[in-house]
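Starting from the structure of chain L, add chains Y and E where the hints point.
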Amino acid sequence: MLTIDSLSKSFDKGKNYALEDVTFDLKAGHVCAIVGESGSGKTTLVRLIAGLERPDHGSISLGDKVIASLDKFVQPEKRKIGLVFQEYALFPHLTILDNVLYGISKLKNKKERAQEMLDLVGLSNMGKRYPHQLSGGQQQRVALARALAPKPSLLILDEPFSNLDAMLRTQLRNEVFDIIKKTEVTVLFVTHDTQDALSVADEILILQNGKVVQKDAAANLYVKPNTLYVASLFGSTIHINKNLQTAFSCPLKESCCHAIRNEKIKVNPSANDPHCEYITRAEVVKKVELGDSTQLLLKLESGEQLSVMTQDKNVADTINIGFNSKDILEFDHE
Amino acid sequence: MKRFVLAMAAFALLAACGNDNKKKDNSTEKEMVKDQVVNVYTHRHYEPDQNIFRMFEEKTGIKVKVINASADELIQKMKMEGKQSPADVLITVDAGRLSRAKDQGLLQSIESNILENAIPKHLQDEDNQWFGLTKRARIIAYSKDRVKPEDLSTYEDLVNPKWKGKILVRSSSNIYNQSLMASIIANNGEEAAKSWAEGIVANMARSPKGSDRDQVKAVVAGEGDLAIVNSYYIGKMLNSPDPEEVKTAKQIGLFFPNQEDRGTHINVSGAGVAKYAPNRANAILFIEYLISEEAQKVFTDANYEYPILESVEPVQDIKDWGDFKEDNLELNKLGENNKKAVLIFDETSWK
Amino acid sequence: MKQVGNKNEAFSLKTRLKRLKRDSNRWSVFTLAIVFFLALPIIFIGVELFSGPGETWSHIVRYLLPEYIGNSLYLVFLCSILVLILGVSSAWLVSRFNFPLRQQMEWLLILPLAIPSYIVGYAYAGIFDYGGSMNLLFRQLNLDFIRIDIMNRAGLAFVLSISLFPYVYVSARAFFLNQANNLLEASKMLGVGEGKTFFRLMLPLARPAIVAGLVLVLMEVLNDYGAASYYGVNTFTTGIFRSWFSLEEPETAVYLSALLILIIFALILFEKWQVRKVKFSSSKTNSTQIQRKRPKKSMQWLIFSVVFLPVFLGFVLPVTQLIYWAVLTASTVFDMQFLIISLQSFGIAITSAIITVFFALLLIYFSKWSTLLSIKNIARVGVLGYAIPGAVIAIGIMIPTLALDKWLIKMFGNFGIDSGLIINGTLIALLYAYAVRFLAVAYNPIESTALKVDSSIPDSSKVLGVGNLKTFFKIEFPLIKTGVFSAVILVFIDVMKELPLTLILKPYHIDTLAVKAFEYASDEMVMEASIPSLFIIFTAMIPVIFLNKLLIKK
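Residue numbers (our numbering), protein chains in the order written: chain L, 14 to 347; chain Y, 483 to 833; chain E, 30 to 583.
Next up, chain L with everything else stripped away, as it sits in the complex:
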């Protein structure tokens, strides 16, 4: 459906790349989340796909048609891609209905289609209002209705929830994706929040410094991250460096990089626990009560510090910690 091939973009004539050799494809009907920190190139990627920027190298195809390459460039208005901007970009001088009508003026039954869209996003009676009269969440839904009205083959959501607080965010995210599921459109969903990505995406693409680090189904990313960075994106992770290896007396392959998730570290394991091969002693530096669990900040004899979670309310000042060799994550490089 969407095919990206070695796409590169630089804003300073090749000194730095905002996007470097990005290659991936996306199946029709799938929801793909693009996750990365700010500055990782997410927005550049989206603007390239939408046609708002031009690639310096590589190509983008939609279906079997090339829409951007070194020789060819299809104007954004001809691409039939829906885009919901981070700041919504509603036309401030048009009513809600006119905003939705805007992209479908050539349609025969445009009035019906626009109303249908407003019904879909639950704003049936708001058509005559102006954008500034709506709440942030409502504006968001108008932007969605407007983008869906022309029946795009691909819908891109660029950080649609980043301006909202946590409560509203979850609620709105569910609402929006309920609507999207009904339309069966292919979706590219840009976010810096892994919770957003995990909860709605079929697959997730991780960008770091303009490069694709990993693209996989949501579940695999947690279990088999490609890099330490990906691992830490989906839960706090401890890098098992040389010192830790010595502390736990667990020699590991030198050519690889290893890590363990905090939650996999067991506090005071029983001495002959078969699932806890590597054990060491640690001094409790600080306890933080977090409701039903407690966070312990520990100091090993070698001086390394790390933190673990435990359900146990009464831990001694010095404890044993350990983990299972199966839980070790192994990467080719950091």
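Since the hints were derived computationally from the structure, they do not count as laboratory data. Among the hints, a few may not be true.
Restraint-style ranges between C-beta atoms, simulated for each label pair [unchecked claim]: (1) Y/G564 / E/L78: 45 to 53 Å; (2) E/K225 / L/N254: 48 to 56 Å; (3) Y/P602 / E/L170: 50 to 58 Å; (4) E/E38 / L/K266: 34 to 42 Å.
Even for Gly, the Cβ is constructed at its ideal location relative to N, Cα and C.
Chains Y and E alone, transformed into the frame defined by chain L:
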């Protein structure tokens, strides 16, 4: 707001169309009745001139179309327009500019007995390329309280140290000063002219600024004792709508220098027929009309210039100053020496 | 999935050329065409430079240039100080405090813009003249030994400052009104006093806005011809006229213009540099308006007098003098002809305003739609005309258009038609010249409002399948309307006041009020010049008030 803008736009459209129509009218007119127009490039932007043009239109049915600008700009314009120039007649307020136009091949010789006979020989071009229309004298206005007219004699005498800090004169970019300097170069030579300019600068009451009228006012205000000014401005001040100006002008005395030798420097406002005049015959008719008695009367009565036609009496204000001896220098010399004059002004830092 | 080479080739010449081919669209071509059209007069002047200066160049360098440079720098320096004091203080006071007649003061402070500076110059010369009102007043008070001489450099600086300070006032006030509130509140919360808040916070923050206004003022100061020549102060511009006309050396005039243009470019670069250095314009405009303080009654009247002083000096006093003269001369000057000239002036000004704004829009949006980055920089070349004296632009226009006219006459001649001059001596040349001269006046307000429209708004229109042109008419134009109308009004006022260029290029039988006023004044009939001057002022005043309404509404 919208309506206001719409109205403005509509008005603009109308205005633009209006102009367009006028343009079309002009061109069709030009083709149909070609001999009914005369295009005048003039530096004389005086109200009375408009009346003379109107009188001419009524009398002959020839329409007078005018472009007003300084002579220098008009000459540059004609030069650039070349053969396509629509100008028929060039009028300036200074003979130097006319002779410059002649030198640059912008004027043509014409045969007209009327002009030939009516205008004194030294006030018209020897090749009949331009003709004087009115005369002005560059005279000295002095403070009646502080200056005895007996002490005044010539332009040359103004460099006498007794006038130190007493002389008022306007900037050297003014054409009347340039022509005065050109006449001094022609009469006394370049070296003498330069030391004359140095002497004047040394005697100046203040750095040159303002108009001729301002020099007169400065005399009355006591900033200096003598002002070098153009005669017709005094006439205008005496008839000013501002009573204060009339009062000022009445407080000064006038002196015509160099009466004992070559005569007072005079300059003419004059006209010539453009080299590529599309309406040559009308142009000649037009200039001939300008030296007719009725036109000459307007020049002197309303603009306080000396008529060039001897049969026309100057207006009373001017007549009161009495007759004087004119410097009969060939006026083309003013044009020839103009650039030298400007250079001398700069070198002697006469601003 | 096939690999199409790697990104190491992305900036090789071959791929660059490929991209150039892909990205150059018709908008790039259109932009280049418009820039070329607008820069043509400047190019011709530039070409003249290669033919070398005239023979008097060394004479000028030796005797005149030091004075030109000295006077011009003196004016730039003194006007900067005066204009900053007048403009910034009044802008701050009307934005920050409540006092009697504050709302009236807001627009009265813009009115001096409606008077051409040479006319302010005439009026002040008349006021301080012997027999002028000031002199008469002193005589009444038996103080007539006091004579204030205004016709010198300092006087000229005063006249120019008092008539040009609104440029700084307008841009500083716009900043104070729209940007300042949050910061002001923050400063207040930190317990900082009024004076310190102004000098430590507001002044540095408003600097880019203030300097932008100041650069406009200085360009006008350097380009002034009417007032400087009347006051006998020799500057670059009077020097250009002198060497062109008195010395008959256009080539030397072009050389002087080139020097002047260099100075002005230095000013522009200075502005760009200082704006870049202080890039703290907040990206999102916080729309909360500034909260005005209401000081003690006595303080209020003090503020009122401080704010009223520039209005009085820049508008009330000169206009009163003009009205007095107008009463004295009305019977001889005023007739039907006058009404016609006024209408012609108005028509020409509004037509050229619309044309100029049209060009500015084309330039801004074509270069935006052209996806070549370099085009956007080239587009700015089109606004250079503002930095060039009107008389020089007039020469620059006459050279190419006359050549075109001659060619056209030849072409028509082949068909036996005598077409005459089609461009020169008609409105076409004049309107063309105005567009070249005043493009910057239209460009800047439009560009600044266009920048305020978040790029995601036109982007989302395009993504919704609407092309550039339609997006412009349906989305962008409604959003930048205020900028466009401000631009129309500003160009309108400038054209109403414009003199040297109009003198040279105006067609037959069309007069403008400015030309009429200058004709009288140059013939030492300053009193008679008062009526056309007043007509200019009142025709320009209406849109000035209208402009202020627009700014307030924003």
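Which numbered hints turn out to be false for this structure? Hint 1 alone not satisfied by this model.
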